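J.: Whole structure, please, built from the sequences with the hints as guidance.
The opening position of the sequence shown corresponds to residue 30 in the working numbering, with each subsequent residue numbered one higher.
Simulated from the structure, these hints should not be mistaken for lab results.
In this text, all values refer to a predicted model and were calculated from it rather than measured experimentally.
Cβ atoms here follow ideal geometry from the backbone N, Cα and C, with glycine treated the same way.
Simulated DEER-style distance windows between Cβ atoms:
#: 1; residue 1: 63; residue 2: 146; range: 11 to 21 Å
#: 2; residue 1: 71; residue 2: 141; range: 25 to 35 Å
#: 3; residue 1: 134; residue 2: 71; range: 29 to 39 Å
#: 4; residue 1: 134; residue 2: 72; range: 32 to 42 Å
#: 5; residue 1: 134; residue 2: 88; range: 15 to 25 Å
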Amino acid sequence: MSSAHDSSPLVRPYALTRGRTRARYQLPIEALVSTTDNGRSRLPGREPEHQRICELCVELKSVAEVAALMRMPLGVVRVLLGDMSDAGLVTIQQPGETDTGQPNLALLERVLIGLRNL
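T.: Structure, rendered in structure tokens:
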């Protein structure tokens, strides 16, 4: 029998997203996340997971990398990142092409590394 304070891996992520299973935005695994100036400031009352993601994304990370480093399901991380973007803690750069119209090879390499780390 589980209690309301159960922190098992199945209950905790669900609690982190307040029961939401889908992000407000389409966040592909290769989208890049970076911490804003607001996210770099340590404010009391910030969720520990939000703080950890802010620390991780001081250096640009893909959504897949964030999920792997947080050891959380991708869907949960997408919901958290959407909330954090709305709160101005992170910016999310959707994948795209370079000015030359060619795929961004550095981005593709980072995504590949992130996927291997899963």
